[in-house]
Amino acid sequence: MPKTATKHTGAVADPEFQLTPEQLDLFGEELDALRERVLDDLGQRDSDYIHNILNAQRGFEVAGRGMLFLSFIPPAWIAGTISLSISKILDNMEIGHNVMHGQYDWTQDPRLDSTQFEWDTSSPSENWKDSHNYQHHTHTNIVGKDRDIGYGILRMSEEQPWHPYYLGNLLYATLLMTFFEYGVAMHDLEVERMVSGEISFADKRKEFDNIWTKVRRQAIKDYVLFPLLAGPMAPAVFAGNFTANIARNVWSFMIIFCGHFPEGVEEFTEEETENETRGQWYYRQILGSANLTGGKLFHIMSGNLSHQIEHHLFPDIPAHRYAEIAVEVREACARFGIPYNTGPLHKQFGSVVKKIARLSLP
Amino acid sequence: MGTGIMALDSLLNSPRKLTRGLLDSHLVESLLTPNPVERYVGMIDPVWSRRDVRAKVVAVERQTPRSVTLTLEPNSNWNGFEPGQHVGVTVEIDGRLTTRFYSPAGAAAGKGLELTITRHPGGKVSEHLADIAAPGMVVGLSPAEGEFTLPSTRPDHLLLISGGSGITPVMSMLRTLCAEGHDRPVTFLHFARTPQDAIYARELQALGEAHANLNVVTVFTREGTKPQHLTRATLKSICPDYLAAETYVCGPNALVDAAEKLWKRDRNADRLHTEPFTLPEPTVVAADATGSVTFKRSGIAVENDGQSLLLQAEQGNLSPRHGCRMGICHTCVCRVESGTVRHVRTGEVKTLNNELVQICVNAPVGDIEIDL
Numbered sequence: 001m002p003k004t005a006t007k008h009t010g011a012v013a014d015p016e017f018q019l020t021p022e023q024l025d026l027f028g029e030e031l032d033a034l035r036e037r038v039l040d041d042l043g044q045r046d047s048d049y050i051h052n053i054l055n056a057q058r059g060f061e062v063a064g065r066g067m068l069f070l071s072f073i074p075p076a077w078i079a080g081t082i083s084l085s086i087s088k089i090l091d092n093m094e095i096g097h098n099v100m101h102g103q104y105d106w107t108q109d110p111r112l113d114s115t116q117f118e119w120d121t122s123s124p125s126e127n128w129k130d131s132h133n134y135q136h137h138t139h140t141n142i143v144g145k146d147r148d149i150g151y152g153i154l155r156m157s158e159e160q161p162w163h164p165y166y167l168g169n170l171l172y173a174t175l176l177m178t179f180f181e182y183g184v185a186m187h188d189l190e191v192e193r194m195v196s197g198e199i200s201f202a203d204k205r206k207e208f209d210n211i212w213t214k215v216r217r218q219a220i221k222d223y224v225l226f227p228l229l230a231g232p233m234a235p236a237v238f239a240g241n242f243t244a245n246i247a248r249n250v251w252s253f254m255i256i257f258c259g260h261f262p263e264g265v266e267e268f269t270e271e272e273t274e275n276e277t278r279g280q281w282y283y284r285q286i287l288g289s290a291n292l293t294g295g296k297l298f299h300i301m302s303g304n305l306s307h308q309i310e311h312h313l314f315p316d317i318p319a320h321r322y323a324e325i326a327v328e329v330r331e332a333c334a335r336f337g338i339p340y341n342t343g344p345l346h347k348q349f350g351s352v353v354k355k356i357a358r359l360s361l362p
Numbered sequence: 001m002g003t004g005i006m007a008l009d010s011l012l013n014s015p016r017k018l019t020r021g022l023l024d025s026h027l028v029e030s031l032l033t034p035n036p037v038e039r040y041v042g043m044i045d046p047v048w049s050r051r052d053v054r055a056k057v058v059a060v061e062r063q064t065p066r067s068v069t070l071t072l073e074p075n076s077n078w079n080g081f082e083p084g085q086h087v088g089v090t091v092e093i094d095g096r097l098t099t100r101f102y103s104p105a106g107a108a109a110g111k112g113l114e115l116t117i118t119r120h121p122g123g124k125v126s127e128h129l130a131d132i133a134a135p136g137m138v139v140g141l142s143p144a145e146g147e148f149t150l151p152s153t154r155p156d157h158l159l160l161i162s163g164g165s166g167i168t169p170v171m172s173m174l175r176t177l178c179a180e181g182h183d184r185p186v187t188f189l190h191f192a193r194t195p196q197d198a199i200y201a202r203e204l205q206a207l208g209e210a211h212a213n214l215n216v217v218t219v220f221t222r223e224g225t226k227p228q229h230l231t232r233a234t235l236k237s238i239c240p241d242y243l244a245a246e247t248y249v250c251g252p253n254a255l256v257d258a259a260e261k262l263w264k265r266d267r268n269a270d271r272l273h274t275e276p277f278t279l280p281e282p283t284v285v286a287a288d289a290t291g292s293v294t295f296k297r298s299g300i301a302v303e304n305d306g307q308s309l310l311l312q313a314e315q316g317n318l319s320p321r322h323g324c325r326m327g328i329c330h331t332c333v334c335r336v337e338s339g340t341v342r343h344v345r346t347g348e349v350k351t352l353n354n355e356l357v358q359i360c361v362n363a364p365v366g367d368i369e370i371d372l
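Line by line, the protein sequences give chains U and H. Here the working numbering is used: the first residue of the first sequence is 1, the next is one more, and so on. Here the working numbering is used: the first residue of the second sequence is 1, the next is one more, and so on.
Simulated from the structure, these hints should not be mistaken for lab results. Quick reminder that beta carbons are idealized off the backbone N, C-alpha and C, glycines included. Please note that a few of the clues may not be correct.
Some residues of chain U that are not near chain H, with every Cβ distance over 10 Å (derived) [claimed, not checked]:
(1) Pro74
(2) Tyr134
(3) Thr138
(4) Glu207
(5) Ala357
Calculated lysine to aspartate or glutamate pairs in the DMTMM-like style (CA-CA distance at most 20 Å, straight line) [claimed, not checked]:
(6) H/Lys124 <-> U/Glu272
(7) U/Lys221 <-> U/Glu118
(8) U/Lys145 <-> U/Glu270
(9) H/Lys350 <-> H/Glu92
(10) H/Lys124 <-> H/Asp156
(11) H/Lys350 <-> H/Asp45
(12) H/Lys350 <-> U/Glu158
(13) H/Lys350 <-> U/Asp32
(14) U/Lys145 <-> U/Glu272
(15) U/Lys145 <-> U/Glu274
(16) H/Lys350 <-> U/Asp41
(17) U/Lys221 <-> H/Asp94
(18) H/Lys350 <-> H/Glu337
(19) U/Lys296 <-> U/Glu328
(20) H/Lys17 <-> H/Glu92
(21) H/Lys350 <-> U/Asp105
(22) H/Lys236 <-> H/Asp257
(23) U/Lys354 <-> U/Glu159
(24) U/Lys296 <-> U/Glu274
(25) U/Lys204 <-> U/Asp130
(26) H/Lys56 <-> U/Glu270
(27) U/Lys221 <-> H/Asp24
(28) H/Lys124 <-> U/Asp109
(29) H/Lys226 <-> H/Asp197
(30) H/Lys56 <-> H/Asp45
(31) H/Lys296 <-> H/Glu369
(32) H/Lys124 <-> H/Asp94
(33) H/Lys350 <-> U/Glu270
(34) U/Lys221 <-> H/Glu29
(35) U/Lys145 <-> U/Asp109
(36) H/Lys350 <-> U/Asp40
(37) H/Lys350 <-> H/Asp305
(38) H/Lys124 <-> U/Asp40
(39) U/Lys204 <-> U/Glu126
(40) U/Lys145 <-> U/Glu192
So here's chain H without its partners, still in its complex pose (with noise of 0.2 Å):
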């Protein structure tokens, strides 16, 4: 009873709490029937939500011609990141939700999120995000995720190094430290193609001359005669004793494989942290039936033989629910979460992520795994 009571008392002191209990409530769930509350809800306030977290778009800078830097203010039901984490952004491009990772660039302990895309070409969700990003757009997220992160217990000495739009992981690093007050040696180098593409430019140069610890390198690639890249001369020049530094490397995959071949010659792979950012994959073309068909949740993986999904499934002894067998009814939908299929009677290919498909008249093009 008294337990009820300070219950009571907490909601009335907070219209907020009071608010999302009363949506949050078997009434309120019992009157809108079957739909969820936030068909209701979304009418008015399109971020709210029980559980998604979603964001409203509260600032849009455009740093560089090539990249666009949005602040984001999620819903309550967002828990947060730690600095080098990525979370999938969500975004409507011609009717179809489509979802993108990326890595917020801001201090951990920051209010807003910000993330800083840069425009891919062919890229959907970084161009459309670079042409029409601007206030009150709202966008999805999905809970920030990733094991590129520091260690709680800060290393001595830091080595942080990155490739052009990848700078956002490791900035995020940087301004979490910053932050914190740390004080031991760290070392930002950055790689940018030009100084017009060099993103946070301004910010790295106020940090370097406010923080005596910290050294902040930018080179460009594509100044100069020949093109500058991560080899040990370079590593030496800017940090000579880069063997004893904990190392954090995020851009394109041939600064990564740099970074790693230079590590593992020296027998250094364990300080060596990577995240390389990989672009969409191009649609593969080929209809060879290679790779094999892992189906996640029966925890059966099967050689592809090119037959449909349900198929192969069948033959793998599951029986998952359809229906016509001909690609009408929409019975036997299933999620693949990450693979390429062709269409048995079009032809048409499709490289899918975490999306629905009818697996009769699917069949699987290299490695897939499927939600079944």
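If we strip away everything but chain U, and leave its shape as in the complex, we get (with noise of 0.2 Å):
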């Protein structure tokens, strides 16, 4: 019987992976120096990287797009679905995530820009990185903080109490993640709070309205305007559009799932987070998220969450640089006796699904 993730430790008290108060100083210390030195190297190669994604990203769109409209010969639907899923994957994970995280304000390129740049899908930015970047990234798998343990929809952890609700863990995930760009967008009105008498509808209102402007833009541009403009292939373009929002939301549910919810990796209270040093702040990061094994195709078209420990470790440093931050970050791990979680996406997502199908149990 494998260790399981529920059993939580913590970062301080960790008997299995005790390190000393000094040992966490050095450990920051490291990591902060590793910090300045990809910050300080920013610059052409980055620009240029993230303009290539983008003019990728259009090219699929604009190919999608086209061939859908061509869908009377039935291999262009095919290719158009395909190639509109990549655009919405390549917008929303390796350009929408990590422009909004930050990772490329300092190219003060207004088109890169944090505060301004929104993302082909339902959930407005505005919310998202309040959700995401404040509460998510600040206070990682700490239970009862991070809205990202369940969504406010499933159980990911024993320390959310059991009840018979849960009995359908399994097909809400599978809901979930069909559905997974209203999910996100649904996240911040905090329903389940709603539900519990903590909040009323009219403390979200504003969220609501920033919702449900976004999400009726996103239906009109994908079920009525393009399948409107295709005349006699409207059904066949209203099909590839919802297919390939279908697909992205697969996707970014299964990439994401597998940052968090593997085997293995841990979860944290309020009380032993309280006052965490830097040191600390860095180890809690590690303890708490996973990664994936694969190419380099496969690690854009994840928009390189698949380094969901580097990621969590310096959310603001371009995502493409994860992979060469990874070799410094597994060797210091390794030094420090740090565990390090990372696996193929089979292997992840497997014991990610394994685990909500056993929580739906008390």
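Reconstruct the complex from the two isolated chains, following the hints.
Below you can see the structure in the form of structure tokens.
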């Protein structure tokens, strides 16, 4: 029986990976130095990289929508749908997610400005940046503070008390995966707190209006305007756009759930993370994240969230640098005796599914 | 109905207007949401923009070893300039968009936009442009601004004084006057280091020969036994009645200072108009908390106490958006219009000019103006 992830231990008092406060300070200093070294080195290479990805995304988008208009040739529908799926995945993951983290704010390019960027999905950037960049990245895997644990719908930790509702854990997870963009958009409404009566709908009116505007715009584009423009091809274009949105949803759900929920990832309580030092904060980010192994293309398509550990250590360093950074992070982890959770997608996702199934029962 | 048809008619008669109308339409905006139309048009035409001013470099000339003269063709968002004004030129250097201000040197009515940029040692943009500017390059522009301009009723007597690369705004004035057929006395006094450094030398000589009302004098400051500068004696010998002339001076601080002293002593400061150009300020190394923090949008200024910008804003009863308060989440990024900041953790000191900064982990060093 493998050690369960839910038997949380904590950043400071972990009996298995006991590090002294001095060691943690030293570890923190090493990572700070690594961070400064990379930030100082940012330049043309990084700007060229993200502009190449932007060009590729636009290319796939234009090609995809164009081919869907030619859907009377069946291979064109398939190719168009795949192309549009790739466009949406690139837009959301390697571009949107990373730009909104402020990874390219240093370029001073208004197209890459984290305060202005908007992405091709239902979740409005403004809401998402708060729940993701702030709440999730600052309070990573702290049960009760990191709302990404279960998204308010699922039971992802034994720390969450069981309720008969969770018998449907696998079903809810499947639905969340399929309609992930709406799940992410709704995330900020904190519906679970409305149900419990903690907050009222009026408290979330502003967020709701934002979400509704964005959801409507996205839906009008993909499900009304482009199909109408296609005339007789309308049903095919509608189906292609729908499929591309679902494909993006499923893919991003898989990558994101592999970031924090595979076997071996730690969780934390609010008490044990009070007054963390920088070293302890870094330490928690590593214990609370897991990587995915794969080739260069796989890393690009996952927005380099396959390097979730490095992303959580340095969320505002351009993500395409994580592969290089990972070499040093792994080496430091080995030296300090800190576990480094990584594996191929099928293995990591398999363990996530197992966990969702197990936690549907008390 | 009638106006609708007329509008449609004029659209159809002009393919450019039609394209523009189409790209500006709600339909296109809804189809491309959430991306701006530029994201797609840029694939074909990087100069086109709905609102931003951009320009393509169409000619490059290197008049002197230290300068480069660019002819730019701005897009349709460009509203022209008054001779003497300056424009912001934005280029990508080492992955960062960087802006510096230059005064166009051409006549105001001219079609293209002419910029002569002198290489300043350590000046990022000037060195970059002097090294790699080539036809086809695209740059960003800001609308022209500045008060250093000629009155619309052209003065009866003009004295235009410049030093080094400060020649560009007064060159623009001179070319504009010549193009207008201005026939009253104009004295053009230019200070250059050596004949090799004299920008526009040949054109100035030709203009002087062609226009009887124009007196062109170039003084070489590093020729001869002792350096030549602006003195009352020089002025008197070149333009005896300079006290009666509307005078425009642009150049290094030393030249502008000298002019201001002379005209003040003559109690004639009203006739003097100056435009000092300052090199990019050297990065402040001192980490002292001095000066004041100005929150521009709120119209509040507080004395800089050396804490992070976020803390100082909060103590000034502002509540900026923020998240982690430890430099991770970028929720708090704000635009610093001008000023220097020190990173509270790394100690890194940066001078900012209209740039985004994380206010939770940056403290001001000296005066700062922030969009909050």
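Okay, the hints, checked on the actual structure:
1. Pro74: With a cut-off of 10 Å, U/Pro74 remains clear of chain H, as the shortest Cβ separation is near 25 Å.
2. Tyr134: The claim breaks: U/Tyr134 does not keep its Cβ more than 10 Å from every Cβ of chain H (closest is about 3 Å).
3. Thr138: 4 Å, violated
4. Glu207: The claim holds: U/Glu207 sits with its nearest Cβ about 14 Å from chain H, beyond 10 Å.
5. Ala357: 33 Å, holds
6. H/Lys124 <-> U/Glu272: 49 Å, violated
7. U/Lys221 <-> U/Glu118: 15 Å, holds
8. U/Lys145 <-> U/Glu270: 8 Å, holds
9. H/Lys350 <-> H/Glu92: Within the cut-off at roughly 18 Å; holds.
10. H/Lys124 <-> H/Asp156: Roughly 40 Å separates the two Cα atoms, so the pair is violated.
11. H/Lys350 <-> H/Asp45: Measuring from Cα to Cα gives roughly 35 Å; hence the hint is violated.
12. H/Lys350 <-> U/Glu158: 47 Å, violated
13. H/Lys350 <-> U/Asp32: Between H/Lys350 and U/Asp32 the Cα gap is close to 19 Å, so the pair holds against 20 Å.
14. U/Lys145 <-> U/Glu272: 13 Å, holds
15. U/Lys145 <-> U/Glu274: Holds - the C-alpha atoms of U/Glu274 and U/Lys145 are around 12 Å apart, at most 20 Å.
16. H/Lys350 <-> U/Asp41: Between H/Lys350 and U/Asp41 the Cα gap is close to 16 Å, so the pair holds against 20 Å.
17. U/Lys221 <-> H/Asp94: 37 Å, violated
18. H/Lys350 <-> H/Glu337: Cα-Cα ~13 Å, so holds.
19. U/Lys296 <-> U/Glu328: Cα-Cα ~18 Å, so holds.
20. H/Lys17 <-> H/Glu92: This hinted pair is violated, its Cα atoms lying about 31 Å apart.
21. H/Lys350 <-> U/Asp105: Given pair H/Lys350, U/Asp105 holds - Cα atoms ~15 Å apart, limit 20 Å.
22. H/Lys236 <-> H/Asp257: 18 Å, holds
23. U/Lys354 <-> U/Glu159: 17 Å, holds
24. U/Lys296 <-> U/Glu274: Not satisfied, since the Cα-Cα distance of roughly 38 Å exceeds 20 Å.
25. U/Lys204 <-> U/Asp130: Since the Cα atoms of U/Lys204 and U/Asp130 sit roughly 14 Å apart, the hinted pair holds (cutoff 20 Å).
26. H/Lys56 <-> U/Glu270: 56 Å, violated
27. U/Lys221 <-> H/Asp24: 17 Å, holds
28. H/Lys124 <-> U/Asp109: 17 Å, holds
29. H/Lys226 <-> H/Asp197: Answer holds: H/Lys226 to H/Asp197 is near 18 Å, not above 20 Å.
30. H/Lys56 <-> H/Asp45: Satisfied, since the Cα-Cα distance of roughly 10 Å is no more than 20 Å.
31. H/Lys296 <-> H/Glu369: 6 Å, holds
32. H/Lys124 <-> H/Asp94: Cα-Cα ~10 Å, so holds.
33. H/Lys350 <-> U/Glu270: 36 Å, violated
34. U/Lys221 <-> H/Glu29: Since the Cα atoms of U/Lys221 and H/Glu29 sit roughly 10 Å apart, the hinted pair holds (cutoff 20 Å).
35. U/Lys145 <-> U/Asp109: 33 Å, violated
36. H/Lys350 <-> U/Asp40: At roughly 12 Å apart (the allowed maximum being 20 Å), U/Asp40 and H/Lys350 satisfy the hint.
37. H/Lys350 <-> H/Asp305: 18 Å, holds
38. H/Lys124 <-> U/Asp40: Roughly 17 Å between the alpha carbons, so the hint for H/Lys124 and U/Asp40 holds.
39. U/Lys204 <-> U/Glu126: 14 Å, holds
40. U/Lys145 <-> U/Glu192: 14 Å, holds
Consistency note: the structure conflicts with the earlier hints numbered 2, 3, 6, 10, 11, 12, 17, 20, 24, 26, 33, 35.
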